[in-house]
Each structure stands twice: as structure tokens, then as C-alpha cells.
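Asker: One-letter residues, chain by chain:
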Amino acid sequence: MSLDFLPMPDEKGYFGEYGGQVIPPQLKQVMDDINDAYEKVSQTDEFIQELAALNADYAGRPSPIYFARRLSEKCGGAGIYFKREDLNHTGAHKINHCLGEALLARYMGKTKVLAETGAGQHGVALATACALVGIDCEIHMGEIDIQKEHPNVTKMKILGCKLVPVSRGTRTLKDAVDSAFEEYLNDPVNYFYAIGSVVGPHPFPKMVRDFQKVVGVEARQQFLDKKGRLPDIITACVGGGSNAIGLFTAFLQDENVKIVGVEPAGKGLDTDEHAATLTLGTKGSIHGFECYNLQDDQGNPLPVYSIASGLDYPGVGPQHCYLKDIQRVEYETADDKECLDAFMTLSRLEGIIPALESAHAIAYAMRTAATMNSDQSILVNLSGRGDKDVDFVAKRLAL
Amino acid sequence: MSRLAQCFAQLKQTSRKALIPYIMTADPEPTITLPLLHAMVEAGADIIELGAPFSDPMADGPTIQAAAERSLAHHTNLHDVFKVVAEFRQQNTTTPIIMMGYLNPIEVMGYENFARQAAASGIDGVITVDIPPVEASAYVAALKQFAIDPIFLLAPTSTVERIQHLHGMASGFVYYVSLKGVTGAANLDISSVEQKLHEIRQYIDLPIGVGFGISDAQSAAKVAACADAVVVGSVLVRKMAENNHHRPEDRTIIIKEISDILSTMRQSMDAVELLET
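From first to last, the protein sequence lines stand for chains W and A.
Residue 1 is where the first sequence starts when you use the working numbering, and the numbers rise one by one after that.
Residue 1001 is where the second sequence starts when you use the working numbering, and the numbers rise one by one after that.
Because the hints were derived from the structure by calculation, they are not lab data.
Quick caveat, the model's predicted, so the values are computed rather than measured.
In this text, a Cβ means the ideal position worked out from N, Cα and C, and glycines have one as well.
Incorrect hints may have been included.
Covered stretches of chain A, going by a simulated chain W footprint (3 or more residues, C-beta under 8 Å) [said to hold, decoys possible]:
{"hint": "1", "stretch": "1020-1028"}
{"hint": "2", "stretch": "1107-1113"}
{"hint": "3", "stretch": "1157-1164"}
{"hint": "4", "stretch": "1226-1238"}
Could you build the full structure based on these sequences and the hints that come with them?
Answerer: Now the structure itself:
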């Protein structure tokens, strides 16, 4: 097997049959302009050096690799290692692409960066990056989410971004996307839409991946330095798929490394309440790109659910769809119960409170490590810290 | 000759421009659509654009998005669109009907299966607002196999390359989206519309419809002066929202208000054309 992933996506934005630009013509030129600017700007020494300096001195990169001794002992079998993206400034991997996007917006001479946010994680990371880069930031957020995610809302306000409450429709993420998009289309020449994952029309899945791949590039070298070989398995949770693509990209050509994405099984794959898009979805298009979709037989996206709001999405990044089809990456699931168990176990054995999103990948690593030998190893992307989840979990488990 | 080609040929003979109202199927409820289609023809519509609802309509503003939500609340799908067009065709065999929708429901049904059923119901043209160029040839082939006109959108930002790309694929007419933004916003810049239509006509020998941002008789007349067809949507759809009180008389009120708007536009458009000729 010889794999060459470097040319992906093709010039039209396709990873195999996924991705592309399923968009009205009003948007086509705008997306092509972003692509052209990205290709040009991201290759300049000035941009590369400025982003590298921010990653190092501001975000705190490289994030370390940590061997979870007590957790590994408890599971028995393979050693479990974490790529500590939770230690980044703002507490998750999101800052990686937000710095890239905000910087790109400034290089392109844009006057305002716009985005949607669900739980507020992407919003906070973007507001942070915009404050740093010195560009206006406007975040659209559903009224229901605003009530639920109060600390993040406060952070965004302190960081100086304009928060637009969305009162239409479901008053959650989907309508926040629609609202932010509408504002964007009012002046696409001067505004920059900073998407929150490896989703959306071309070039976003490519661009966000490029900004996130630093995670795997670092992790691969760090692991080699530490262990003198590569891990047997690498794993990450998958909602839209940005932290997973970030870790996976540098390992795709390492044929002996098994790569596993973990989707949220929610209340069970046999219920309607999950968001296991790659596991149970069918091909379709949503929000401007082709991908696996959880959809009804008429092609309307279904309501999805995850205990981790960052994984709660009916579509998934197009490159993941392609990697599933060619069987380079396996996609497994973890349900709410396993996720909460992993959340508490890691907190109490290692003193690390993980984000509920990341806890899905940890749950997979815990159950899989037990089936492996002690000389084997699993590397997990610990994509975010769980500060945002502590009240919810405490209430849920009546702590 | 297709119903659309025939319609534009007849309009040309009488020096009139086409008035194309847009409504969403089953908005605000399913029983209104059939009588409303007939009433709009009575009020002066030459062609009707009928929306198929989709849950994530990226190209639409809040007005049309809300229409899709009202329609989806009745679980409206493509089969319901086919059904109401087939019923309309029992009485009206001349007024072209164009379906406007998003790719995903059509893709899930399969292009050929979709085209066969759409043609059987009496649909004359289809606008799929988010069809990517990569998919276009398979999609166009399926529609043409069943004699349906593929109608494509062009925007102020569309390049010459995109305009040329439509040559040989588009038929019926092309639909110029006059505003940069999503549907239903204010401000119509008529001189930039004129300029762009001139550019499009250099490459495509089809009638051009202009839509988005036409809200009253004056703007309809202005657009009619330079385009071949005037598409009116949001201003009509807003009437559905305003009069949706779940009362038995809602239907009559909506049909009357929409008919009144269309009659006024029709008169205003025809008056301009008389002045010009």
C-alpha cells in the first residue's frame, strides 16, 4: 500500500467524492477568492514566520506528549499517551486554526471576522485570536446557547467581540450558522467567515486542516524522540473532525499506525439520539459540501445529539469520509456513559479534567488498551480541557 | 417547443415581460398551494416558481427560511411538490412551472428518478440553487432526458468563465440574482443590473430573469425595462407569515393579498412596456 495524500483535496476541493462547493453562485467567487488568497498568503515567509511565532510564544506550542501511567496501569495492556492540546492557550486545539484564520483575514485586508458558535468554544478561540491580531470579530450565537454557556459568553464580551444573539428558529447552532452567513453575505468582500471545523465549502476543509496539522507533526516527532518508534494506534474524537484531522494528517502514510476516529454514540446507536455520522450516515450534502450525513429519506438533516456539544453535528469533514471509504481510518463510537466514565477516571487517576468531546477518544483508548500488549501504545489527542463541562458533569453525576 | 420557450416566444410577440412569482409549497399549510397557483395565473403571472423546502437553505434570507420551516412543519417533501403540480395541470396546461430547491433532496432521490417524476407531474424547469459545477453535467443530462429545462443562477460576482460554462447546459432562461446577499434584502441597484445583463447577453442567448430585491410595482417596472422576466418572492412569502393565524379565513386573505400585489406589478410592468413601444 502506497498512499499519497499530499495533493488532497483536488483543485475543486474534492477528497474523492466528498467536499467540493455545494453553494449558490453568489458564494462561488467569494470562496474562490479566499482560496486564492490562502494559497498565496500562506506560502509567504512573512505569514509562515508570524504564525509560527504566535504558535510558540502565544499559544504555547509545542504541546507536550504525556504518558498516563496510572490510567494505563488501571486499563492493563497498552500504554496510553496524550497529546496535550488541552494545555494550549484557551484550552483546546481550536486556537490553532483560529490564529491562522485571523491572521489570514488581516493579510487579506478584511475588516471583520465573522463566525457562528454553539457552545462557545470556537467563539472564544476566535475572539481571542482577533483581539491579538487586531481585527473586529462578530460571533452569532443562539439565544438558548447563550443562556446555557454563560462563562463563554462573558469571555467573548471581555475579549471585545460583538456577540449577536440569534432569536429565530431553534435558537441554537444551526440558526446561528444561518444568521452569521447572512451577515457575511452582506459584504463578502470586506468580511471573513472563519468556520469552526474542517467542514463547509472548499477551501475551508483544506485550510483548517492545514492549520491543525501541526498537532500530528509535533506528536509524531515527540513520540519518536520519546519511544524511538511510532504508536500502534492514534485516536481522536470526531464531530466536524478538526482535532482528528490535525492529529491524523502526519501519520497517514505510516502504514503500521492504526488510526481510529471516535464518534459520539450518545444514548445509543439504536436510538435517535446520537451523532455517529460516519458510522450510520449516508452520502449527501450539507452547509456547502458533500459528506456522510445523518439525514431522513427526503434528504433533510436529522436532529442529532451528543453529551458533548462540540460533537453535535449531522455532517462531518469531507476528508474523514474519504479516509473511511478507502479504509485508512477506522471510525468507532463511544456512548454517553463511557464518555462520562472516561471523564471521571482520567480526572481521578491523572488529575486531568478532559473536555467531554475528548473523553470519547479516551473511552475508546481505555477499552482498547486492555486488549493489547504492554509493549504497545496508544496516542490520544486530548483535544481540550473540561473546565466548561464541570458544572454539567457534577450535576449529572450528583457529585 | 417547451412550455417555457413557448411562453417567452409569446411574450416577445406582444412585447411583454414575464412576471414570475415565487411561493413555497405548503406555506403556510398544504391546502393553500393549489388555489394560490391558479389565483396567481389569474392575477397576471406568466410562469410560477414553486419552492421545495429544505432544512438548511444557505442562499435564503430569514423570510424564505421561515417559509421552509412552515412547510417542513407539514412534512412537505418532493413528492408533495409533484402532487400539487400534477393537480394544477388538470386545469392548466399552459403556464410553465419551475421548481426551486436545494441539491440534497434531489441527490438522495437520484437525478434520473427525480427528473422522471418531475416531468410526469408537469414541472417544466428546475433551479437547484447549490448545484456544484462538478455535478452539473450528470444533473443536466438527467433533466434533459425528460425534457426539463435546467435553469441556472448567475450572480453579480459570477465570472465570465462561469457564464460561459452555462452555455449549452442552461435552457429555458437564466436567473440573475441581482443582490450580492441572501434573498429578501433591500436596495436594488438597477444600473449595475443593467450592466451585468449586458455582459451575460454577450455569452448566452436565453431570456434573463432577474430576482431578489424586487419588492413593489416600481422596482418590478424598473427591472422589466431591462430584463426578460421579473421574479418576485420575499414580498409574497411575507404575506404567508403575516396572515398565518390558523383561522379558516387565512387562506382567502393570503390569496387576495398576493393576487393584489401581482396585479399591481403586472399593470406597472405593462405600462412601462407600453411607454417604450
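Asker: Against this structure, judge whether each hint is valid.
Answerer: How the hints compare with the structure:
A count of 0 residues in the stretch 1020-1028 of chain A with a Cβ less than 8 Å from any Cβ of chain W is obtained; the coverage claim is therefore unmet, three being the minimum. Counting residues of the stretch 1107-1113 of chain A whose CB falls under 8 Å from any CB of chain W gives 3; the rule of at least 3 is met. With a threshold of 8 Å between beta carbons, the proposed coverage of the stretch 1157-1164 of chain A by chain W holds, since 4 of its residues qualify and at least three are required. Check result for the stretch 1226-1238 of chain A against chain W: violated, 0 residues qualifying (beta carbon to beta carbon below 8 Å, three or more required).
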